[in-house]
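Kindly generate the complete structure, drawing on both the sequences and the hints.
Number of protein chains: 2
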Amino acid sequence: MKTNHCKIVDCTIRDGGLVNNWEFSVEFVQNLYAALNDAGVDYMEIGYKNSPKLLKGADEAGPWRFLDDDFLRKVIPQKGSTKLSALVDIGRVDENDILPRSESMIDLIRVACYSKDVDKGLDLVNTFHKLGYETSINIMALSNVMENDLVEAFQMIKASPVDFVYVVDSYGSLDHNDIHFLVDKFQTHLPNKRLGVHTHNNMQLAFSNSLVAAEKGVELLDASVYGMGRGAGNCPTELLLTHLKNSKYQLRPVLSFIENYMLSVREKWEWGYLIPYLVTGTLDEHPRSAMALLASPERDRYAEFYDRMTTPEVNFNQKRS
Amino acid sequence: MKTNHCKIVDCTIRDGGLVNNWEFSVEFVQNLYAALNDAGVDYMEIGYKNSPKLLKGADEAGPWRFLDDDFLRKVIPQKGSTKLSALVDIGRVDENDILPRSESMIDLIRVACYSKDVDKGLDLVNTFHKLGYETSINIMALSNVMENDLVEAFQMIKASPVDFVYVVDSYGSLDHNDIHFLVDKFQTHLPNKRLGVHTHNNMQLAFSNSLVAAEKGVELLDASVYGMGRGAGNCPTELLLTHLKNSKYQLRPVLSFIENYMLSVREKWEWGYLIPYLVTGTLDEHPRSAMALLASPERDRYAEFYDRMTTPEVNFNQKRS
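The listed protein sequences derive, respectively, from chains A and B. Using numbering that gives the first Met the number 0, you'd call the opening residue of the first sequence number 0 and step up by one each time. Using numbering that gives the first Met the number 0, you'd call the opening residue of the second sequence number 0 and step up by one each time.
In case anyone wonders, no lab produced these hints; they're calculated from the structure.
Which copy? The list can't say, so a pair holds if one copy fits it or any two copies do.
Here are the simulated DSS-like cross-link-like pairs (lysine-lysine), alpha carbons at most 30 Å apart as the crow flies:
1) LYS157 / LYS6
2) LYS184 / LYS244
3) LYS215 / LYS184
4) LYS215 / LYS244
5) LYS78 / LYS247
6) LYS129 / LYS52
7) LYS55 / LYS267
8) LYS184 / LYS6
9) LYS73 / LYS6
This is the structure in structure tokens:
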């Protein structure tokens, strides 16, 4: 097994922020950066580079949602070999906020979009590419995209300067056969692009799917420490660190970080394999209904939730009698 | 994907009993049987058929460790289509305790043994086979067996009447490549035997490994509800129920059981993906050191534990000066 071509992108702050509304202290982020750097992790996605002007409720979330280079320089005064990454959403980023890479702490900017918005996503990619950044485009909700739409998106991506294209299992609904199928498809249609994979753990398949993708030649593996991420969470960084063959990674610094910083976060906030996430995963649905259930007093009513999710919509058409 | 040849063996009571010292009420077991039967699960392993005479501390464990047919008939007065299974350990079973299958509630008796004890295991298998039971032999700690020992064991097994032979990932150290390798080996050496797989979840690979085994033709898939089992636990029954293709299984009855019975057990007892189990799994070690750590005041000292587990033994040879 040759997987030393892989690079780990730790998304703890960015995807984990979806769990705790980015309530990460500067100390937490600094210690995470140090641990990831010691462990040999290649990228740390330190947040979103969206603009607070373009997002409702922006004042409620901390600095990790609207990364600012002056701020980042204070957080990480001494950068190690771990690069920094930021995610942007279509329609939420102000291009004027982005410095040239030579003046920025950030190395990689990733654009998340749905298949239908790939053109808009690639506009952003072009801008970031011209500014000198490494770029990726992350097509979300792949399991719900029709073949013809995807092929059209591939044509645009193939002609773009984007460096990495992501296979994203937004709903945690994919198994290893799906990963084989999708990576084959991406490799066929995008022979000139490097690939990444972003998994969710609704069916306890995030790590396994990442390993399968790695073996097929996918380079960027998204993960987060202790799996912290929206809903069922992501592929745990620590599992990749210890299990990727022929790699330079060290497990110990991240174990130490989990012990000192993550356990208390996990006590306060919830993510991981919970039955409502299994239900949305297996049904190939967005986890929002599971998140709503878990925030309600009926959080443990699994059978009722399953019934609701599997019952055909009520027919609202009133038949005239 | 054709997996409808698979049968699920739910081990919640037997392997889960290793977590809570078999503190399962009769009501709990009855409701589990009803849920598994409604879900279409093929076998329920309802405990051990060891003899209390041959085991120290036997009086501390409930009836599920020393199954008795009169007792079982009271627990399950009306058997459904879910068959019952029991596990025995070498040297802990009294053959005189075993009724002929025609007079017993139990359908399948499984013999757990290490590779070096396969001869003794097969002696038991012969006895149970003559009494009319379905039989399996479960070779534990496969990852630590040398090839020559295994091939010798295969020769004896091939010539025996045993129905099923298990690939057992005792330490939760195997990934999908290992499963491919081992199932291929078993199929090559034991062309006349049906196979089973028993996984542990130390690296979140129990479900994925079970799926891979199923696709390769393995028939019996061990699992437990909510993954309840020793250490990191097993492949969750609910994941197999919902994800095995071309199957007759129903997820809902087991979701209902989890909601009503398992959540309170999980609050009281601990199993699943915990960092010490990741450490023993990735190091291909028995989980006992992780279990000891988790029962101690130092339970969260992951880095120290990792250091201890990865430091070469102290050299006790005293060099004469």
